[in-house]
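With chain A held as given, fit chain B onto it using these hints.
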Amino acid sequence: MRNKYIENFENAQISEKNVPDFRAGDTVRLAVTIKEGDKSRVQSYEGVCIALHGTGTGRTMTIRKIGANGIGIERIFPMYTDSISEIKVIRRGRVRRAKLYYLRDLAGKKARIKEIRR
Amino acid sequence: MEYIVEKIGMSRTITVPAVPVTLLKLVDTKVCEVTDGTAIVAYGSGKKSNKAIAGKQKQYSLEANFNRFATLSVANTEAGDIDLTPLAEAKVLKTSMTTKGRGFAGVVKRWNFGGGPGSHGHRFHRTGGSIGNCEWPGRVMKGRKMAGQMGNVKVTVKNEIVSYDAENGILAVKGSVPGANGGLGRVKVAR
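Protein sequence lines correspond, in order, to chains A and B. Quick note: the first sequence uses the numbering used here, first residue 1, plus one each step. Quick note: the second sequence uses the numbering used here, first residue 1, plus one each step.
Just so you know, the hints here were simulated from the structure itself, not pulled from any lab data. Honestly, I wouldn't trust all of these hints.
[Claimed, not checked] Some chain A residues near chain B, calculated using beta-carbon distances under 8 angstroms:
hint, residue
1, Gly56
2, Gly58
3, Pro78
Just so you know, even glycine gets a beta-carbon here, dropped at the ideal spot from N, CA and C.
Only chain A is shown next, with the shape it has when bound in the complex (with noise of 0.2 angstroms):
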């Protein structure tokens, strides 16, 4: 269990931010504020969330995607931060683990997670 204050102190900041429930396999959109020098952008990420780590306002979520010439990119991300004005499940996948560090080993067809129809 966690401290009360703690915890107080967390949900204070959290309690605002609207962030749907996914988990592991899920493939999510997230749109990402960019500063550059005085602008300031929203460029958008989408990938495969393959782990949740953490709680409270440490709480993180490791997205990965296959961008250009089929190269694994992974970004980490802090689920709570002010920097993700918005996150999107686009499709929810079956998959058996909570951590999916094994699609890193594997490519193309293999590397596909299926999807749960409801």
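Quick look at chain B alone, frame taken from chain A:
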């Protein structure tokens, strides 16, 4: 102005850039006696009691849970609950706490000496090595870094205040503070 605090633990904010914070809880403190700005105060920690403590509690008509006494500089002019108003405008705090004790530590841990290779026929592993010169000066220079007690000393750090929750008495300061979670220390309003 000084206050007794308990270190709660660390967290972070979600702002950009994120700020690491340490949460400090103000301990209930009663001012017993004031003489030009400095006061004898009482606060509670554990259940310790003896005749001396009981006598002081009777003298200042305190409850049994106020069993520790200290001298602080306070904003109060008379006895009663400690005056917390200076914290509302404070920007920077000096926090003094006792660091975690490491016991009798060698020079590698205590002073970050490099040490030697672990294997391949070396006999110089984690020892301190030479501590001086020769017949001249014929003594070890003062301040020589050697093995000894590490930690368990009072250390003071300066931290900016990130937020102050007056209702629960929780201070969030930027960065870390020495000592273990649950340890008591004192904060001083620096600015």
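Right, here's what the structure says about each hint:
1. Gly56: With a minimum Cβ separation of about 7 angstroms from chain B (threshold 8 angstroms), the hint on Gly56 of chain A holds.
2. Gly58: Because about 6 angstroms separates Gly58 of chain A from the closest Cβ in chain B, which is inside the 8 angstroms limit, the hint holds.
3. Pro78: Holds: closest Cβ of chain B sits about 7 angstroms from Pro78 of chain A, inside 8 angstroms.
Checked against the numbered hints given earlier, the structure satisfies every one of them.
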